[in-house]
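Participant: Those sequence lines, one after another, are chains A and B. Using UniProt numbering, the first residue of the first sequence is number 1, and each one after it goes up by one. Using UniProt numbering, the first residue of the second sequence is number 1, and each one after it goes up by one.
Hints are computed from structural coordinates only; laboratory data are not their basis. Think of the CB as a built atom: it goes at the ideal place given N, C-alpha and C, for glycine as much as any other residue. Incorrect hints may have been included.
Unchecked claim - Calculated lysine-lysine pairs in the DSS-like style (CA-CA distance at most 30 Å, straight line):
#: 1; chain 1: A; residue 1: 149; chain 2: B; residue 2: 550
#: 2; chain 1: B; residue 1: 298; chain 2: B; residue 2: 342
#: 3; chain 1: B; residue 1: 342; chain 2: A; residue 2: 182
Claimed, not checked - So, partial list: chain A residues that the calculated Cβ filter (under 7 Å) puts toward chain B:
#: 4; residue: 147
#: 5; residue: 174
#: 6; residue: 177
#: 7; residue: 180
#: 8; residue: 181
#: 9; residue: 319
#: 10; residue: 323
#: 11; residue: 328
#: 12; residue: 330
#: 13; residue: 362
#: 14; residue: 621
There are 2 protein chains.
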Amino acid sequence: MADTTPDDALIVFTPSGKRGRFPIGTPVLQAARSLGVDIDSVCGGRAICGRCQITIGEGEFAKHGIRSTAAHLSEFSAVEKRYDDKRGLLAGRRLSCQTKLLGDAVIDVPPESQVHKQVVRKRAEARAIDMNPATRLYFIEVEEPDMHKPSSDLERVYRALAEQWNVADVSCNLTIMQNLQKVLRQGEWKITVAVFSRPASGSNIMTAIWPGFHDKAFGLAVDVGSTTIAAHLCSLSTGDVVASSGLMNPQIRFGEDLMSRVSYVMMNPGGEKEMTAAIREALNTLAAQVATEASIDKTDILEAVLVGNPVMHHLFLGIDPTELGGAPFALATGLAVTRPAKELDLQLNPGAYVYVLPCIAGHVGADTAGVVLSESPQYSEDNMLIVDVGTNAEIVLGSKNRLLACSSPTGPAFEGAQITCGQRAAPGAIERIRIDPVTLEPRYRVIGSELWSDEPGFEEAVASTGVTGICGSGIIEVIAEMYLAGIINQDGLVDGGMAEKSPRIRPHKRTFTYVVREGEPFISITQNDVRAIQLAKAALYAGTRLLMDKLGIEHVDRIRLAGAFGSHIDVKFAMILGLIPDCPLDKVQSAGNAAGTGARIALLNAKARDEIEHVVRRIEKIETAVEPLFQQHFVEAMAIPHKTAFFANLAKEVKFPEPKTIIPLESDGSERRKRRRS
Amino acid sequence: MADTTPDDALIVFTPSGKRGRFPIGTPVLQAARSLGVDIDSVCGGRAICGRCQITIGEGEFAKHGIRSTAAHLSEFSAVEKRYDDKRGLLAGRRLSCQTKLLGDAVIDVPPESQVHKQVVRKRAEARAIDMNPATRLYFIEVEEPDMHKPSSDLERVYRALAEQWNVADVSCNLTIMQNLQKVLRQGEWKITVAVFSRPASGSNIMTAIWPGFHDKAFGLAVDVGSTTIAAHLCSLSTGDVVASSGLMNPQIRFGEDLMSRVSYVMMNPGGEKEMTAAIREALNTLAAQVATEASIDKTDILEAVLVGNPVMHHLFLGIDPTELGGAPFALATGLAVTRPAKELDLQLNPGAYVYVLPCIAGHVGADTAGVVLSESPQYSEDNMLIVDVGTNAEIVLGSKNRLLACSSPTGPAFEGAQITCGQRAAPGAIERIRIDPVTLEPRYRVIGSELWSDEPGFEEAVASTGVTGICGSGIIEVIAEMYLAGIINQDGLVDGGMAEKSPRIRPHKRTFTYVVREGEPFISITQNDVRAIQLAKAALYAGTRLLMDKLGIEHVDRIRLAGAFGSHIDVKFAMILGLIPDCPLDKVQSAGNAAGTGARIALLNAKARDEIEHVVRRIEKIETAVEPLFQQHFVEAMAIPHKTAFFANLAKEVKFPEPKTIIPLESDGSERRKRRRS
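Just chain A, same shape as in the assembly (with noise of 0.2 Å):
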């Protein structure tokens, strides 16, 4: 440390920690591989791609015993001058492969100078997710052909990986061959080379090529719902979604729900092949849309992933979903499938991978997986509950010691439809409620505004799209809201008797309706409203109780609610409902699209696709069907919030109304009534 010249000087990397010493006149980068900590680079230490980007420390470091300062490092060179000019370098940045060691220096690789750097999620209790993407650009100069030593160019390109990137077993497609001397030749033999490697197996496989150098690298995250597809379009070096798009699913034309599409294709002998080509072309149509959003060329799109539930995962494949029609709801495959795209008909780069995830069992599908990856119960110290509420619930419990799966027909009430005024999430439609359990008049908010119907300027504010129903998220609290004014009892039950108190208790055919809202339209909540609602409430919870029952737990520690359903509703009311067993309310949290972050997280990590099948393997397949219990759980599930549960966490934050007895309306219509022994 003293000022007489020593051959040799200390480095240190932060945040890794590693350090070594080298001898003088070292580059940067060359120290971090040889101590293998983690610098990306595409070009190769050749000062283009920039992505090798460093900053010194500087100063006195006690803990590493060196004094760091920017002129232990080569002066700013010509190249990266130029590389500066051009493409910008931040203030104390430099680029580590153009940048020499002279003394000891502490230096730190920022997080997007890192290939394996975490993306944070913008939900605080989610896990980051690592970078390791299964798709690498690469930088190589090819040596030229030689007459003294004949061999194809195809060899000397694997050479180049091998020799300049340490990348070997490399094979590569048919479109790869036709173009590789054309595209040699173009770049002058300096080209770029995407490499896939397929996770769990030592092979990778050459996908793309470009002359010269190329740096853009980007993949599909797809989550195919029944009703909406959504793709996220990810850079596979940042890991940024750089753009997002939505479509409705096509086939809906083809049927509303899962199994209308199923039927189509058991009354029309190949019609899944129509609506496999729906589907994909849906997913073109996406393609093209993100791209042209993030303002890159499709063919730099060189991966997907998708998440989808089986009938979807099937008709993309261009299975005939059939067979999950009916008992015994066989999957033709429930392993993950990697495929090229253009197999699948996807129009990305020509030489572009698909990897669908596993699906679970015949009701739990690649959607499911996604949500596992996304919520990660396989490393949880307590019992998870994950559920994810649609036409079916798809229901995970367990930790990391045992994990379970069923699905749950809780039928399309939770999304509004068979719902009087039920509605899909749209502007206009009532997502919050609550009602004064004195006068039992109702108070709501609707998609769109901000603004609560007894605030001034509701009516202004809601003009434009009116007052049109109440979607899934409104229904919960509507009915949890009546319960808690003793508007409908423990059994779901609409008091008649109330009438007397409020006009917004009326008859409706032989029973009792709420009126929410009078006038055009008129919405109000009818007994049979409430009887739905039940049905998919019990149908949830036994599910839920089920797997409780096989993994021999009486309380679950943490609740994830994934799906769009799941990030809409309020915990409070949807424990009150009994959707959900008791557990601590903060506890209780929405997991958001954790089907279309667990696709992400299959795209930009590698490992993660392992991890996955490895885990979807473990989980074990309840079949609710053939459950001699889910029966009767689902009869005493019926009841608000449960006949026999009792939810001790939400008493301490709800007052529970008195269970009361009510007589059903005689069937004149009257509404006389008569006590009944109780």
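Position chain B against the provided structure of chain A, taking the given hints into account.
Facilitator: Coordinates of chain B only, in the frame set by chain A:
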């Protein structure tokens, strides 16, 4: 060995000699398997396929210490009887899966019951082909779906393969996934699957499925020549060629020889696509022809193996061959290619794979790799010269220690092109010829007749075809005979002075010509014809000599002449002309269509693919165009048989004429000659 009833018995299998003791009642097939005895089976012991037949040895086997008798096997069972009634069992044959061990037994496994049997080739000196097909059929019984243990159909198929056949790590393509459920239900959970195991990788690909038991597995070995395409349909179980067919290469309409086809592409951008389509269409025609001939369905063709020269190789794969048309003659790829047949537009089984042998260098293609596989110089103790003569000659020289290869530009003279009366080998072409050294009268034989032209009945015998020209082998013979008769001297000059001796030697322009046949067509050998053959043979010899230099040898130990030309020429005449270096004549043999045989070997033996890929990497590639010595060797090889090399072995069999000096004609074309200093 007494008649007490022991608990177990000794079983000895022949020819392997494997032996072991097994409990009384053990099925013979099971005993064989546990000893690792090679017995075939497709049905897995269900008495369906009949592949596991054995015979019992009768009598005392002192060598094995066993008294073996038919009574030591269980009686002919009802199941065997049923098989015998349906498909027939030869006398003494038993189905080893149905036959139980009751006492000591010597069991013979006949070759046709062995998976790894040897297929004997016609040529006595040729290595037998060891059967080890990449594609095998497996009959499996798949568990039905069970809602109590949900799993996908494909997973249960994989499990059956692992449990019933010990075949693991299986994957499959989309077509299989799409058809699987139907096939499983059609076969009532019993199906036959074809599994393709890629050589040198542990992976297994399920390429085809059939409901129930299926016993047909065939492969296509194809030699794509510039002129003709030959295909052999082989059984993947017996190795037999069950049908063969050939076609003219339809690319001929784009250019007669390779270089004119490359020029076509250069002058017509995109022209390679037409030629690719033409060749693939021809292969489909051939596949259909052989399938019809063998009465099988095209979907029973589960694999194809191709060889061809580099231009054919590239065009078949859809690669623009332009780079092969000029220095540095870079191949796009020289590596072996394994791709789905579908991707190459071949209409075989939809899951079939195509294997294309590796190319050696820009002028030494997959056809030469096939020749190497067939002739196996890599196992040779002594130095072997292999020559495949076409428009280019490909030359391979060496032994197990070291192998070299080059190509030499012989031009098409050996094929009868550029020769005044030359023609392809076809009925009517002169293929054999002798010249009386005294009278200079020729006698000859033409293709289509066994008679010599001086034998009675010759004219009648050839009346239908006529005598139409001279084919390649005839040209070699006539020029060699002209040399032996003194009509040409060691420099190839036609001796005009002999015109005094015979009217068959007569002036032609400024030189002399030798008349083989008067009349129509008039058949003669001109001075230019002799020159063309000298140029071709000098190129061939110079290439060989160059490899001998590199290897540091003065003599080769053995010579194989491959290809159609090599099959038809008389090796003695080839040596008299100096096409090949001196060598004991009995060590010179024709190898027939060795390239096609190589394709067949690779088709029947997956390990042969690994082997040839390995050998090709080892071969030292010599580019004659950049070797300064090549030109010198070429000039010296213009003389007959050679300017400097002495043909010691040939001299034992043939009396060479004395060298003589011939004064070329004066420019006025007169016969007047004057002596020059010699």
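Participant: Please go over all the hints and tell whether each is borne out by the structure.
Facilitator: Hints, one by one, checked against the model:
1. A:149 - B:550: 14 Å, holds
2. B:298 - B:342: OK: residue 298 of chain B and residue 342 of chain B at ~13 Å, within 30 Å.
3. B:342 - A:182: 25 Å, holds
4. 147: Holds, about 4 Å.
5. 174: 6 Å, holds
6. 177: 5 Å, holds
7. 180: 5 Å, holds
8. 181: 5 Å, holds
9. 319: With a closest approach of 5 Å, the residue 319 of chain A hint holds.
10. 323: Constraint on residue 323 of chain A satisfied, holds at 5 Å.
11. 328: 4 Å, holds
12. 330: 4 Å, holds
13. 362: Since the shortest Cβ distance to chain B is 6 Å, the answer is holds.
14. 621: Since chain B brings a Cβ to about 4 Å from residue 621 of chain A, closer than 7 Å, the hint holds.
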